Amino acid sequence: MKTISVGEAVSMIPDGASLMIGGFMGVGTPERLMDEIVHQKKRNLTVIANDTAKPGTGIGKLVSAKLISKAIVSHIGLNPETQQQMIAEEMSVELVPQGTLIERIRAGGYGLGGILTPTGVGTVVEEGKRKIEVDGKEYLLERPLRADFALVHTFLADYLGNLAYALTARNFNPIVAMAGSTVIVVAEHIVPVGLIAPDHVVTPAPLVDYLVANE
Amino acid sequence: MDAQTTIAKRIARELRSGMLVNLGIGIPTLVANYVPSDLRVFFQSENGLIGTGPIPEEGMAHPTLTDAGGRPVTALPGACTFDSAISFGLIRGGHVDVTVLAG
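Heads up: the sequence lines are chains D and H, in that order. Per this note's numbering, the first sequence starts with residue 1, numbered consecutively. Per this note's numbering, the second sequence starts with residue 1, numbered consecutively.
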């Protein structure tokens, strides 16, 4: 694990990269990374996240700057700019049921070949997917998701990279931290090693590649 | 009493102590206001909270304590937070007793 500046962190991300980003309507999204991606104008990004937030918040900043070419998200209903770019075919949007999306990311991070879920059986969600019957009940095979980078927000990080989250900012963060090839973390507080009790560590340090230094 | 209040009060009568309840956005969120104080109902917010409390007083909002729409909420004593895999495991896995949806 290395501690680097926000500029160095984002300079590692090439145009065309796939990014998994923590957060739920902007809550628990690493805002400093969003601002720096806009500043460095990283383009043609694939974003995998719960949502695209609202204009001016979290992932909504990337949308406004037209940096996303593909979004795999559970809803875009609260960001009219995402809707406009989708209709104008500037951004492709794959909508995935929220509970299926998080399990696909979990499968990617946990080394699974996918998950079987009843969500979407008998709806448009099942189109093009394998249906598998288990004990008389039908499930859809949903494929795992991984990304080049996982961008994580946490409440506490120690200098080894152990992470502890707070309140509703946890959401997708510990799951995406397992599924990105390179994991970059922004912490509200960076604390000495040993301060986070072992039982309170949610994301183990070896998963974290880079911790963004606080200013 | 307006129609929304009537609906919310009627639904609140269906709830019992110990139930885990997921409230949708809109009229469903009003239901929490009409649960008698002697009932211990657990309200889930699917962004990762059980024990969702009322909207905070002005100036008391916490930036990382929100409902699924990103609006500030409070957490009652005994509340707990968790990630999205657990949150949807609770829902998909059949652990939620009541869901209230708006049309």
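It cannot be assumed that every hint is accurate.
[What the hints assert, rightly or not] Calculated cross-link-like contacts (lysine to any residue; reagent style SDA-like; alpha-carbon spacing at most 25 Å):
1) D:131 with D:118
2) D:54 with H:94
3) D:131 with H:59
4) D:129 with H:59
5) D:131 with H:82
6) D:54 with H:59
7) D:131 with H:42
8) D:2 with H:17
9) D:137 with H:90
10) D:66 with H:70
[Said to hold, decoys possible] From chain D, some residues computed to sit far from chain H (all C-beta separations above 12 Å):
11) 11
12) 122
13) 160
The hints are simulated quantities; they were obtained by calculation from the structure and are not laboratory data. Remember, predicted model here, so these are calculated numbers, not experimental data. Using N, Cα and C, we set each Cβ at its ideal position, and we do this for glycine too.
The hints, checked one at a time:
1. D:131 with D:118: holds, 9 Å
2. D:54 with H:94: Violated - the C-alpha atoms of residue 94 of chain H and residue 54 of chain D are around 31 Å apart, more than 25 Å.
3. D:131 with H:59: Violated. Residue 131 of chain D to residue 59 of chain H sits at ~50 Å, over the 25 Å cutoff.
4. D:129 with H:59: With a Cα-Cα distance of about 48 Å, the restraint between residue 129 of chain D and residue 59 of chain H is violated, given a limit of 25 Å.
5. D:131 with H:82: violated, 30 Å
6. D:54 with H:59: holds, 22 Å
7. D:131 with H:42: violated, 35 Å
8. D:2 with H:17: violated, 49 Å
9. D:137 with H:90: holds, 19 Å
10. D:66 with H:70: Given pair residue 66 of chain D, residue 70 of chain H holds - Cα atoms ~23 Å apart, limit 25 Å.
11. 11: For residue 11 of chain D, whose nearest Cβ neighbour in chain H is about 28 Å away, the distance exceeds 12 Å, so it holds.
12. 122: Its Cβ never comes within 12 Å of chain H, the nearest being 15 Å, so this holds.
13. 160: For residue 160 of chain D, whose nearest Cβ neighbour in chain H is about 21 Å away, the distance exceeds 12 Å, so it holds.
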